[in-house]
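This is what each chain is made of:
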Amino acid sequence: MDIGKKNNYKFYDGYDDESEIIIRFGDEFNIHIWEGYFDDIFENPPLDGKGWTGFTKDYHQFEGIFSGKVDKKNIEAKKYLQDLYYYRGKTFKFEETSELLEMLIKLFEIAVSKKFKVTIEIH
Amino acid sequence: MGAGGGGNFGNTVGSNRNHKEYIEKELPKSSPIKIPSRAIIKEEEKNGYTQVKYTWKRGDYNYTSRWHTRTPNAPKEQGNSWVVQRDKPGIGYGKNVRPAKHEIMIGKNKWISKQEWQVAIRARKNGDATEKQKEILDSGHWKEK
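As you go down the protein sequences, you meet chains V and F in turn. According to my numbering, the first sequence is numbered sequentially starting from 1. According to my numbering, the second sequence is numbered sequentially starting from 1.
Quick caveat, the hints were computed from the structure, so don't treat them as lab data. The reader is advised that the hints may include incorrect statements.
Below 30 Å or equal to it, Euclidean Cα-Cα: the simulated DSS-like pairs (lysine-lysine) are [as the list claims (entries may be wrong)]:
{"no.": "1", "chain 1": "V", "residue 1": "K69", "chain 2": "F", "residue 2": "K132"}
{"no.": "2", "chain 1": "F", "residue 1": "K57", "chain 2": "V", "residue 2": "K50"}
{"no.": "3", "chain 1": "V", "residue 1": "K106", "chain 2": "V", "residue 2": "K6"}
{"no.": "4", "chain 1": "V", "residue 1": "K72", "chain 2": "V", "residue 2": "K114"}
{"no.": "5", "chain 1": "V", "residue 1": "K93", "chain 2": "F", "residue 2": "K88"}
Over 10 Å on every C-beta distance to chain V, these chain F residues come out as not near it, computed from the model [unchecked claim]:
{"no.": "6", "residue": "E26"}
{"no.": "7", "residue": "K42"}
{"no.": "8", "residue": "E44"}
{"no.": "9", "residue": "Q51"}
{"no.": "10", "residue": "N73"}
{"no.": "11", "residue": "E77"}
{"no.": "12", "residue": "D87"}
{"no.": "13", "residue": "H102"}
{"no.": "14", "residue": "E103"}
{"no.": "15", "residue": "K108"}
{"no.": "16", "residue": "Q115"}
{"no.": "17", "residue": "R122"}
{"no.": "18", "residue": "K125"}
{"no.": "19", "residue": "T130"}
{"no.": "20", "residue": "K132"}
{"no.": "21", "residue": "E135"}
From the derived model, a few chain F residues whose C-beta atoms are all more than 10 Å from chain V [unchecked claim]:
{"no.": "22", "residue": "K20"}
{"no.": "23", "residue": "K34"}
{"no.": "24", "residue": "K76"}
{"no.": "25", "residue": "K95"}
{"no.": "26", "residue": "P99"}
{"no.": "27", "residue": "Q118"}
{"no.": "28", "residue": "Q133"}
Quick reminder that beta carbons are idealized off the backbone N, C-alpha and C, glycines included.
Pulled out of the complex, with its shape left as it was, chain F reads as follows (with noise of 0.2 Å):
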């Protein structure tokens, strides 16, 4: 299972049709959240790496699953990844005003502040994240199953 350390979807490029099907029903087996039939899926060739993201939603939140291969100045050793984040709408009219929320996953049931996680990304890129920083970048950055 999964799309092979070097992201190259089970050997399907070059097969649209299985390509297509390796996408919709395959890769999201080894995601960390069970990622529902309907999802809203998105490929992408970006800066040396390819990203799909599954979105949909579910009750007062919208998930979005985001899997990814190896980018390029990561190690050798970092294989493709999972990101869980889910979000619920703000309300900017009337007594029950309040800002959307974002969440990351970092665990089973277990979700941070998508500012909390912002703030560790940032110190990775800068050279200066805590262990407990690194710790939650690990955790939420989720191997394949």
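Extracted from the complex, chain V is given alone in its bound form (with noise of 0.2 Å):
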């Protein structure tokens, strides 16, 4: 998957007046998401009532960035990745969207693989 230049904006790409998401992998590359996209993702969770991890808990329980209270975060790629493979395979609203995921779990496997630090923010 060719992941292009160190910023994409592909994904926020026309949505200037609405919240971004950016994640930094390292110094390597840094991904801006419209949140639309973001919720396409995460807004049907699993429902089996054992707990949530990774981006879903921070999304659906309102901690991290998703709290109010902070803007930026360094996150656990490794457990971040597996929450993101929950996803794979669903049908999302957009059809954008699963082009992102790919993506998303690309560099989360290239994060975990060279230990890069990985940070998300809201803005």
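Fit the two chains together into the complex; they arrive one by one in their own frames, and the hints show the way.
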């Protein structure tokens, strides 16, 4: 997968006045995401009553950058990658969302293997 | 009242004290929903415009009233506007498991799901918003009072 330039705006382009989520992978790569795509991935979490982890936990329980208290947080790449795998193969509202999910999985896999520091921000 | 068409914060830019007071006391008065004095305030310079977010908790919900100046590509007649959101946290464990709930205010005591809102946002961006979606977006972008 071609991840392009250092800053990827493909999933934020045209959404200037909307909330933006940025995930930074070390000094190598930053992806800018319209919150609508983020919502599309995570809005249907597992409902087995066994609890959530990673993005799903932050997103649904208002923790980390979704707490309203912090705009930026370092995250544990391996844990968040495991959470992303759950959504693979799901049906999304927006056709671009699957492509974004696959890009995130690829980037998190690289981050885990190369031990990049991963930071998430909301603006 | 309001920050003015150019988003100059009531001419307080350049005076930190006046600016802080404006953000804390004056600007919230133009919000379509009452912002309590305990709200957390975050001001940010984005790509060509300014945004101020007020967040607070009331009952089961977290509220966000977000104000921003006209964005660079918006029509000239579009002034500063507010978008109001409320969110109820989900529960991941046990029998009462439920996802988080996110809603946007489009009228007095009238809320729609954020999913419907975002479908409209994306349709507008792609140039194929329906009349109903345009109405939703107009209703949810509140002009300063």
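Earlier hints that do not hold, by number = 1, 7, 8, 9, 10, 12, 13, 16, 17, 18, 25, 26 and 27
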